[in-house]
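Using the sequences plus the hints, can you model the full thing?
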Amino acid sequence: MSELASAKSARSAVELDGVDKRFGDVLALSGIELTLDDGEFVSLIGPSGCGKSTLLRVVADLEQPTAGTVQVGGKPARQARLDQDYGIAFQQSGLLEWRTVAENVELPLHVHGVGKAERRARAAELLELVGLADFAGSRPAQLSGGMQQRVAIARALAPQPKLLLMDEPFGALDEMTRERMQAELLRIARESGAAVLFVTHSIPEAVVLSDRVVVMTPRPGRITEVVDGRRPGRDAAELEPDDVEDVRETAAFFAAVTAVREALRKGHQ
Amino acid sequence: MVAPLALGLLVLVVWHLVVVAFAVPAFLLPTPLAIAQQFVAQFPVILSTAAVTGGNALVGLIAGFLIGLVLAVLAASSRLIAELTTPVVLAASAIPIVALAPVFTIMFGSTTEIARQLVVTVVVIVPVFVSAARGLRAVAPVHGDLMTSLAATPWQRARFVRLPGAVPYVMTGLRLAAPAAVIASVVAEYFGGLQNGLGSRITSAAANTAYARAWAFVVASIVLGLLFHLGGTLVERLVTRGRPA
Amino acid sequence: MGGRTRSVVTTASAFALLVLLWELVKLVVPDDGVVVGGVRILPRTDDASMPHVWTVIAKLGQPEVAGAADVRTVGAAVAQSALYTLGLALGGLVLGGVLGVVLALVMLRFRLAERAMLPYIVASQTVPLIAIAPLVAGWGGKIAIMGWAWQPWASVMVIASYLAFFPIAVGALRGLAGPNRASVELFTSLAAGWWTTLRRLRLPAAVPAIIPAVRLAAAAAVVGAIVAEISTGTRGGIGRLIIEYAQTATGDPSQLYAAILGAAVLGLVAAAFVSLLDRALWRYRGAVG
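Here the protein sequences come in this chain order: A, B and C. Each residue of the first sequence is one higher than the last, beginning at 0 in numbering that gives the first Met the number 0. Each residue of the second sequence is one higher than the last, beginning at 0 in numbering that gives the first Met the number 0. Each residue of the third sequence is one higher than the last, beginning at 0 in numbering that gives the first Met the number 0.
It is possible that part of the hints are untrue.
Simulated restraints on C-beta separations [claimed, not checked]: (1) ASP173(A) with PRO243(B): 26 to 36 Å; (2) GLN194(B) with ALA75(C): 31 to 41 Å; (3) ALA181(C) with PRO217(A): 30 to 40 Å; (4) GLN36(B) with ILE56(C): 47 to 57 Å; (5) GLN159(A) with VAL69(B): 22 to 32 Å; (6) GLY48(A) with GLY86(C): 51 to 61 Å; (7) PRO140(B) with ASP173(A): 33 to 43 Å.
Hints in this document: simulated from the structure, not taken from any laboratory. Glycine included, every Cβ here is placed at the ideal spot set by N, Cα and C.
Written as C-alpha cells, this is what we have:
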C-alpha cells in the first residue's frame, strides 16, 4: 500500500485500487495502487513494457482493468469518460488534417454539441493560452511537430477538464523544443488547475514537471517506488525557484534525478 | 520534361520517314501528317461524336461514382453487407463488363444511349467502391482513441473522422475511374447500337478503308481519355488541397 | 462458422441474391419497362428481353440451331469459344507481359529511357488504346511475315498483348526499382553485378508489385481479345459468338445471355490463373524490409 495514500481528499482526481490488466497470457499491470490529488502533477516512468501507457489508458477508460477499480474525480472511469471529465494528449498529436487548427481545438466541444459561437470563443482562448493564436486558421500540415502538440494540448483542455492525461506527448520532439514545451505545459497546468498524469521516458522531464515521480518495472508491470519531483513552486515553504530553467540547475534536482535512476536500476534487478 | 517530348518528336519523324521511304501501305500505317490532315478536315464531326462518347462517359462516371460511394458506405456500416458486396465487386473487376453491352441494349432499347451509359456505370462502380471502402476502413489508431476518449457515438465517429478521412481515397477512386469511363464508353460502341460515337466512326472509317481518317478518330478518342484523366486529377487536387500529400 | 466456410457461404449467397434480384425485377417492373421523357430508365422485363435465369441455364443444353441434327449444344459452343478466346487472351498476356518486363528492365538500366518513355506508358493507361482494334484488324489477310500469312487470330493476340503490355511495364518498373537503398547498397558491397542484383534482389522484391499489374493486364487482355475478335470477325472466339447470337436474339435472347455468361466465366478463369501464379510465388510475397 503506497505511503502517500495518506492525504486522500474525499474526491481525488484519480484513484486506482488493486488494478490488474491482463492481455491474453501477459500481465501488463499488477496490483496498481495510485492516487492523484486535485492539481497534482504525477509522472509515470519506466522501461519499455512496464505498463505505463497501459496504466494511462486504463485511467482514460480506453482499456478496462481485469481486476481492481479505477475512479476519476470520484466516478468510475467509464462514467468520467462519458462525462468528459478528462482531456488526453497522445504521442502523435492526432490532429485531423482536414480541419483548421481552431477547428481541431473545437473538436471536443463540437462533438458534444456546443454552439458555434461558444466553441469559437473557447478555442480562441485556448490557442491564446498555448501561444498559437496567430495560427488559428492554419492547417495542421503547416505546423511543426511542437506546434502540433501544443494544439493537441489545447484540444485536451477544451472541455475544461480537471484531469489531463498525457502519453509521452513530447517524445517525438528535439531536446530544445522539448524543454520549451515543458515550461509551457507547467504554466498551462497551473493556470487551468488541472491534475496531470504524465507518461514519459525521460528522467529529467519527469523530475522537473512533477510533484511525484512514479517508477514502474515490467513483467509484470507494477509500481516499485515513488520519488518526489522538483516541480517549480511545489515547495513554497522552501523558497524554491519558480523558473523551470533554474530548477534544472539545483542540487535538489540532481538528487531527485539520481533517486529516480536508482529506483529504475533497482527495479531492473 | 525534355526527354519525353524529344522522344515523341523523334518517333513522329521516324514514323513519317519510314512510311514514306518503305512505301508502307495505308492500311498498315498512314503517315502522321496524313492523320493530322484528316483530324483537321474531320474536326466538326470529331467534336460532335466526341460529345456523344464523352457524354456517355460523363453520365456513367457520375452515376457510377454515386452508386459506388453509397455501396461503400453501406459496406462500411455493416459487416454482412461488406461480405456480400465484396465478392460481387471482385468478380466485376475480372469480367469483361463491356460484354454486357448487348444485354443492356436488349433491355433498354437500341435507340438511346442508356445501354452504353449503364456499361460505363458498372465499370466505374468498381474502382470507386474499392477506393471508398478502403478509405472508410482506414482510421488511424490515434484518431480512434481520440473519438473513444470523447465518448463519441458511431455516427459521430463517422461524421468527424471516418467520412472526412475517406475523402482523399474517394477522390483517388474518381481519378482512376474517369479515364476508365472513356475507355468503356468507346468499347461499348463496338458492340452495335447507335452509330453516333467515336468508336463507331473508327469502325466505319476502317471498313471504308479510309485509314488516315480512322486514325484521326483514334487520336480524338485518345485526347478524350486524356481530358477525362486531367479532369479527374484536377478534381482530386482541388478537393484534397490543404491536406498533407 | 469457420472463416473459410463463412466466406464461401457469403459468396454463394451474394450471387444467389443477384439471381433473386434479377427475378424480382422481372416480377415487379412492367413488361415494357418505364419510359420517362423518351428515355427508358427501367428495362423491358418480358421474356424476350430478360429471360428467366433458368431459361438461360436450360438453353446451355439445347442445340445451337433449333431442329438441326449433328449440331453442338449452346453450352458446348459457348465453352469451346470461350476456351479459344482464353487461349488468345493468355497468349497475349504472356507476350505483352514478357515485353513489358523487358521494357521495364531497359528503363531500369537506362535512366534516360525511363525519363523519355515512362510518361507515355503511364498516359497510355488512361486512353482507350483498344480504339485501334479495328485498324489492326485490317492487317488480316493482307500482310505476311516471312512467308506466314497474317491470320485474324494473330490480330487478336497482338491487341491483347498490346493492352497487357502497358500495366505490366509500369508495375514491373515500380517493383524492380522498389528495393530500398539499403538493400541495393548491401548487394553493391558484396560486389554483385547488375545482373546478379537483378536476379537475387530486384526480381524477387518486385513480385508483390507485379502481381496486381498482371491481374489488371489479364482483365485488359480478355476485354481486348473479345473486342478484337468482334473487329476482326475472328471465327471460333466468344466475341464473334456474342455478335452472332445478338443477331438472332429477337424473341429468344437466352442464347445471347448464355454467351455473355461464358464471357464472364472466361474473365473469372483468367483471374483465377493469375491467382494461381500469385500462390505459386508465395515465397516472394510480403514487402522486403
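Going through the hints against the structure:
1. ASP173(A) with PRO243(B): 26 to 36 Å: For ASP173(A) and PRO243(B) the Cβ distance comes to about 20 Å; the hint is violated.
2. GLN194(B) with ALA75(C): 31 to 41 Å: holds, 34 Å
3. ALA181(C) with PRO217(A): 30 to 40 Å: Distance hint for ALA181(C), PRO217(A) holds at roughly 31 Å.
4. GLN36(B) with ILE56(C): 47 to 57 Å: holds, 54 Å
5. GLN159(A) with VAL69(B): 22 to 32 Å: At 40 Å between Cβs, range violated.
6. GLY48(A) with GLY86(C): 51 to 61 Å: With a Cβ separation near 59 Å, GLY48(A) and GLY86(C) satisfy 51 to 61 Å, so the hint holds.
7. PRO140(B) with ASP173(A): 33 to 43 Å: Since the Cβ atoms of PRO140(B) and ASP173(A) sit about 24 Å apart, the hinted range of 33 to 43 Å is violated.
Violated hints, in rising order: 1, 5, 7; the structure is consistent with all others.
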